[in-house]
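**Q** Let the hints inform the model, and build the full structure from the sequences given.
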Amino acid sequence: MMFRKKMLVSLFAALAVLTVANITQAAQPAGFDDNEIRIGQWGPQTGPAAPWGSVARGSKLLFDIVNEEGGIHGRKIKYFIRDDMYNPAQTVAVVKELVERQGIFAFVGGVGSAPGMAVKDYLAANKIIWVSPSAADKEFTQPLNPYLFAVYPLYKDEASILAKYIVEKLKTKKIGILYQNDAYGKDGLEGAKERLATYKMSLVAEIPVEPTEKDFASQILRLKNSGAEAVLMYVSPTAAVITLKTAASVGFKPQWVSANTLSDYPLMFKITGGLWEGVITGAFGETPDSKSPLMVKYRDAAKRLTPQERWGTFYYAGILFADPIVEALKKVGRNLSTEALLKALNSIKDYQTIGPRITWTPKQHQGTDSVMIQKCGPGASYIMLQDWTTNDLATWKK
Amino acid sequence: MDMKRDYYEDIRLFNSGVVLFWTVALMLVLFTLPLYAPNYYVYLLNIIMVHIILAVGLNILVGSTGQISLGHAGFFAIGAYGTALLMAKLQIPFVVALLAAAFIAAFFGFILGLPALRLEGPYLAIASLGFGLTITHIIGGVDLFGGRMGVKVPPLDLGISQLGVSWVLKTDFQKYYLILIITILMVVGARNILKTRVGRSFVAIRDSDIAAEVIGVNLTIYKTLAFAVSAFYAGIAGGLFGFILGFFDPFTFNMILSIIFLVMVVVGGLGTVSGGIMGACLITYLQYDLLKNIGEVPYFGAFMVTISQLWFTTVGLENFSSMAIGLIMIGIIIFEPLGMFGIWIRMKKYWMTWPF
Amino acid sequence: MPFGQLLVEGLAIGACYGLFATAVVIIYKTSEVVNFAQGEMAMFSSFVAFHILAVYQYPFWLAFVIAMLFSILLGVLIEFLFLRPAKHPSLLGMIVITLGAEMFLMGLASWKWGAEQKFFSLPLDPSVTYEPVKGMIVTNWAIAVFAVASTIMLLLYVFFKYTRLGVAMRATQQNKHAAKIMGIRTERVFSIAWGFSSLIGAVAGMFFASRATLDPAFMMEPFLRAFAAAVLGGLMSIPGVIIGGGLMGLIENFFGYYWPSWKPIVAFIVIILVLCLRPSGLFAKHYVKKV
Numbered sequence: 092m093m094f095r096k097k098m099l100v101s102l103f104a105a106l107a108v109l110t111v112a113n114i115t116q117a118a119q120p121a122g123f124d125d126n127e128i129r130i131g132q133w134g135p136q137t138g139p140a141a142p143w144g145s146v147a148r149g150s151k152l153l154f155d156i157v158n159e160e161g162g163i164h165g166r167k168i169k170y171f172i173r174d175d176m177y178n179p180a181q182t183v184a185v186v187k188e189l190v191e192r193q194g195i196f197a198f199v200g201g202v203g204s205a206p207g208m209a210v211k212d213y214l215a216a217n218k219i220i221w222v223s224p225s226a227a228d229k230e231f232t233q234p235l236n237p238y239l240f241a242v243y244p245l246y247k248d249e250a251s252i253l254a255k256y257i258v259e260k261l262k263t264k265k266i267g268i269l270y271q272n273d274a275y276g277k278d279g280l281e282g283a284k285e286r287l288a289t290y291k292m293s294l295v296a297e298i299p300v301e302p303t304e305k306d307f308a309s310q311i312l313r314l315k316n317s318g319a320e321a322v323l324m325y326v327s328p329t330a331a332v333i334t335l336k337t338a339a340s341v342g343f344k345p346q347w348v349s350a351n352t353l354s355d356y357p358l359m360f361k362i363t364g365g366l367w368e369g370v371i372t373g374a375f376g377e378t379p380d381s382k383s384p385l386m387v388k389y390r391d392a393a394k395r396l397t398p399q400e401r402w403g404t405f406y407y408a409g410i411l412f413a414d415p416i417v418e419a420l421k422k423v424g425r426n427l428s429t430e431a432l433l434k435a436l437n438s439i440k441d442y443q444t445i446g447p448r449i450t451w452t453p454k455q456h457q458g459t460d461s462v463m464i465q466k467c468g469p470g471a472s473y474i475m476l477q478d479w480t481t482n483d484l485a486t487w488k489k
Numbered sequence: 014m015d016m017k018r019d020y021y022e023d024i025r026l027f028n029s030g031v032v033l034f035w036t037v038a039l040m041l042v043l044f045t046l047p048l049y050a051p052n053y054y055v056y057l058l059n060i061i062m063v064h065i066i067l068a069v070g071l072n073i074l075v076g077s078t079g080q081i082s083l084g085h086a087g088f089f090a091i092g093a094y095g096t097a098l099l100m101a102k103l104q105i106p107f108v109v110a111l112l113a114a115a116f117i118a119a120f121f122g123f124i125l126g127l128p129a130l131r132l133e134g135p136y137l138a139i140a141s142l143g144f145g146l147t148i149t150h151i152i153g154g155v156d157l158f159g160g161r162m163g164v165k166v167p168p169l170d171l172g173i174s175q176l177g178v179s180w181v182l183k184t185d186f187q188k189y190y191l192i193l194i195i196t197i198l199m200v201v202g203a204r205n206i207l208k209t210r211v212g213r214s215f216v217a218i219r220d221s222d223i224a225a226e227v228i229g230v231n232l233t234i235y236k237t238l239a240f241a242v243s244a245f246y247a248g249i250a251g252g253l254f255g256f257i258l259g260f261f262d263p264f265t266f267n268m269i270l271s272i273i274f275l276v277m278v279v280v281g282g283l284g285t286v287s288g289g290i291m292g293a294c295l296i297t298y299l300q301y302d303l304l305k306n307i308g309e310v311p312y313f314g315a316f317m318v319t320i321s322q323l324w325f326t327t328v329g330l331e332n333f334s335s336m337a338i339g340l341i342m343i344g345i346i347i348f349e350p351l352g353m354f355g356i357w358i359r360m361k362k363y364w365m366t367w368p369f
Numbered sequence: 004m005p006f007g008q009l010l011v012e013g014l015a016i017g018a019c020y021g022l023f024a025t026a027v028v029i030i031y032k033t034s035e036v037v038n039f040a041q042g043e044m045a046m047f048s049s050f051v052a053f054h055i056l057a058v059y060q061y062p063f064w065l066a067f068v069i070a071m072l073f074s075i076l077l078g079v080l081i082e083f084l085f086l087r088p089a090k091h092p093s094l095l096g097m098i099v100i101t102l103g104a105e106m107f108l109m110g111l112a113s114w115k116w117g118a119e120q121k122f123f124s125l126p127l128d129p130s131v132t133y134e135p136v137k138g139m140i141v142t143n144w145a146i147a148v149f150a151v152a153s154t155i156m157l158l159l160y161v162f163f164k165y166t167r168l169g170v171a172m173r174a175t176q177q178n179k180h181a182a183k184i185m186g187i188r189t190e191r192v193f194s195i196a197w198g199f200s201s202l203i204g205a206v207a208g209m210f211f212a213s214r215a216t217l218d219p220a221f222m223m224e225p226f227l228r229a230f231a232a233a234v235l236g237g238l239m240s241i242p243g244v245i246i247g248g249g250l251m252g253l254i255e256n257f258f259g260y261y262w263p264s265w266k267p268i269v270a271f272i273v274i275i276l277v278l279c280l281r282p283s284g285l286f287a288k289h290y291v292k293k294v
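Chains as they are written, first to last, in the working numbering: chain H, 92 to 489; chain X, 14 to 369; chain F, 4 to 294.
One thing to keep in mind: the hints can contain errors.
Stated by the list, open to error - Label-pair restraints from in silico Cβ distances:
id : chain 1 : residue 1 : chain 2 : residue 2 : range
1  : X       : Leu103    : H       : Leu396    : 53 to 61 angstroms
2  : X       : Trp180    : H       : Gln233    : 27 to 35 angstroms
3  : X       : Leu103    : H       : Lys265    : 43 to 51 angstroms
4  : H       : Gln443    : F       : Tyr61     : 45 to 53 angstroms
5  : H       : Lys260    : X       : Leu103    : 30 to 38 angstroms
6  : X       : Leu198    : H       : Gln233    : 39 to 47 angstroms
Hints listed in this document are in silico derivations from the structure and should not be mistaken for laboratory results.
All C-beta atoms in this analysis are idealised placements derived from N, C-alpha and C, irrespective of residue type, glycine included.
**A** What follows is the structure in structure tokens.
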């Protein structure tokens, strides 16, 4: 009896408060004021995915440089990094905390496909601009999301370009693929298949690995038995190390080709104990030792401001991801608003800093499909094989 | 004072006016909480409540029946995927989908309960762990479930689309009340289960399964029932969790989550409903809010950064929170084996007998 | 199907699992605690070895010896600081303490060395391989694993069977109070068991690290598999653990060859099935509870 009464009471209370609640939702704090623009980023700083956390810290370097130079039209950039452990539930929590407590004007970067997918709609609903997610997921830009601008070339496009290179330049007929069983790996698989179909060829082996696996012996033997002469790797850095070490121990020596996620040669060379030499990878940023003026500037700033950080690909990818928004903010001028920034971002055309050339239009927010192809030489040096290449098969461009 | 004459007194929700008063007061606070809590805490409260449902359910299994499960993330995932997919693909109304998914989870709980009839301790732990891994792996491997790419959750529509009635809950604010009501129902339900015949059978199994069998408790039924009930709770929790997030992939339900659930129950207090609640609140809060962004805390943050520069790496400073959570867990178990519930009992005793 | 090669690879990784599972078993045998911090203890000790190699540039054998001493100290310290003070802990309470220790060690290691992968290698030339039978390539790594695992297992077997300390450890496991009455200092026995276990874990950890990379999360997956192997072998018997680990490696590799996408869980499914038939694992004497 008591139970039923209690239920009735709580139901009524719930209804009463529901009506109140709809009225009293407080407005969010604004994302900028006269002195500062608040920009946020999430990224795994702890947990198994933490090596990718350097992207978020790399963006900080760019904002520090901008602030040192006096900010943007009198406003300094206040930058927040939040650790989400690569867990979507945590990503939503930190993004809400930033938006609703600190007040955020825009997000940059943000590692991971699933964390990004979890907050994508929330950001769009709150009219918060998000530039350069640090993951290549076609669902970010297709269908068009007016508040989301992507820089990262899609894994599918990259795989297609790499497959073309293997077939046309390396003249290899037997191609296998080792892919991580998730969006990243499957996009790679799809791109490679699409390209090979145009040559009336097919992959001799398609071997999946799970993201957390640590023993690949059976997979490598499968590849070896298939007779593959070139193997595409769409796996994480740790998995790539295990792959190469296992392959060396069973005497399997194909031409390894991999995505730009593994283009940090000094790191890969070191953690594979030198086995990385000869691996061909895609690349979406200039080499760490590049002599281009912008790269020199960033590298010197990094040495001065963040000597504790390693000048790795992921770290300066953070800079590359944050460049376009700084450019757009500069274009907007003193009269800042979300609409003005959107307009500026939408009109970015052939903009290039240390990464690919980016073009955004009001109808297309996938900025680029270009990658370079490089090869790891002796002592982790970079050998350029092919300059910026676009994917002629990319479906999203049509 | 604590003398009970028959079982009905045990079942009564409010055995004194004081309890009734405090319950009403608590309800008032809970129902008005979003009005004065800062906005973003509402999301955190939602997560906490979902974890409460799960921890209370897990506590029925672990604390009251004495079985161990390292696979509850699997049931959690079944609830989340079941609800979202039933709603998205078959246009089933929310309430029906949630219950259906929870019953599917309960069925899997029953299945896991079968080997549990013969296993105990670490053997059961590894079997349930294998179960949890298998569930998320199957979800990740089958395209119907969205594979590793994850699933986008349909809008939370309380109405019935077939009848043209629609009441979509959009904000965390609105979801808060839905989840709060379900949480209260589930918690009261758990309390009732534990205070009745079924609950007493569970406790008898925990204390000695052989003795329980001798006095006529059917082990097959009650052990599998404990698993099913607990999985049902996890299923409900998972279904709600999906709507809080809006998107999830199999990795969201990894093994670490199962372990965290177990930690909640043990830290909160085994075998009591309030223990599950306290554990879920504490651990979730620690994980999501406290000790995050340690570098931005005034004074202490600067101190930590200096220490990091001297002996550690500044890039790893965020890990301080994981160290602190680990130490808090250890501390609670060392100083109070009954968990937070034990601390609560001691505080209560202290005040009730004060000044003696 | 490259039968021979799969056999070699499966046995090698299986021996590695078995070696690590031994560490789990030693603690379980004496104190009935399932130590979830085992993987992170091994990780931390491997990092110490890495640190000595990379920062102080000592020769490998010296770094190895220091890391081994450190690992013993670490095991003893964790037992002394975290487990011993607990008053009447339940089985689950113990598990939560070890989980807490796991989070603490993982946090500390990531704070100290950062999350980026590190290179760790044993002084075994990876380019030297042997091919005793055609199609069966054996590396130095595999030979070293076999050698170390079998030596340690043999020593442990003798230790538990014939030495006074070993018998005392077994007695402590069977009945702590009776052991105490018989004059065994059970607390000291626990310390020794933790030190031992940490040492063996660290050796296995270095083998794993040299096969993959060294980073704060690298032992999570091997720990699960080793734990499963230990359960398969019965958690109590040292020979059982070897066979459990070997089976684990072989099942995974042979099955994974044909169905790579189901490789990560096949071993667990087999274990669940085995446990349904033999609830205490393959090699433990079924232990009937007394009323």
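**Q** If I claimed the Cβ atoms of Leu198 (chain X) and Gln233 (chain H) lie 39 to 47 angstroms apart, would that claim hold in this structure?
**A** holds (41 angstroms)
**Q** Does 27 to 35 angstroms hold as the CB distance between Trp180 (chain X) and Gln233 (chain H), or does it fail?
**A** holds (31 angstroms)
**Q** Confirm or reject the claim that Lys260 (chain H) and Leu103 (chain X) have a C-beta distance inside 30 to 38 angstroms.
**A** Violated - the Cβ-Cβ distance for Lys260 (chain H) and Leu103 (chain X), about 50 angstroms, lies outside 30 to 38 angstroms.
**Q** Does the Cβ pair Leu103 (chain X), Leu396 (chain H) satisfy 53 to 61 angstroms?
**A** About 55 angstroms separates the Cβ atoms of Leu103 (chain X) and Leu396 (chain H), which means 53 to 61 angstroms holds.
**Q** Look at the Cβ atoms of Gln443 (chain H) and Tyr61 (chain F) and judge whether their distance stays inside 45 to 53 angstroms.
**A** holds (47 angstroms)
**Q** With respect to the beta-carbon atoms only, verify the hint that Leu103 (chain X) and Lys265 (chain H) lie 43 to 51 angstroms apart.
**A** Between Leu103 (chain X) and Lys265 (chain H), where Cβ atoms are some 45 angstroms apart, the hint holds.
Hint violations for this structure: number 5 only, all remaining hints satisfied.
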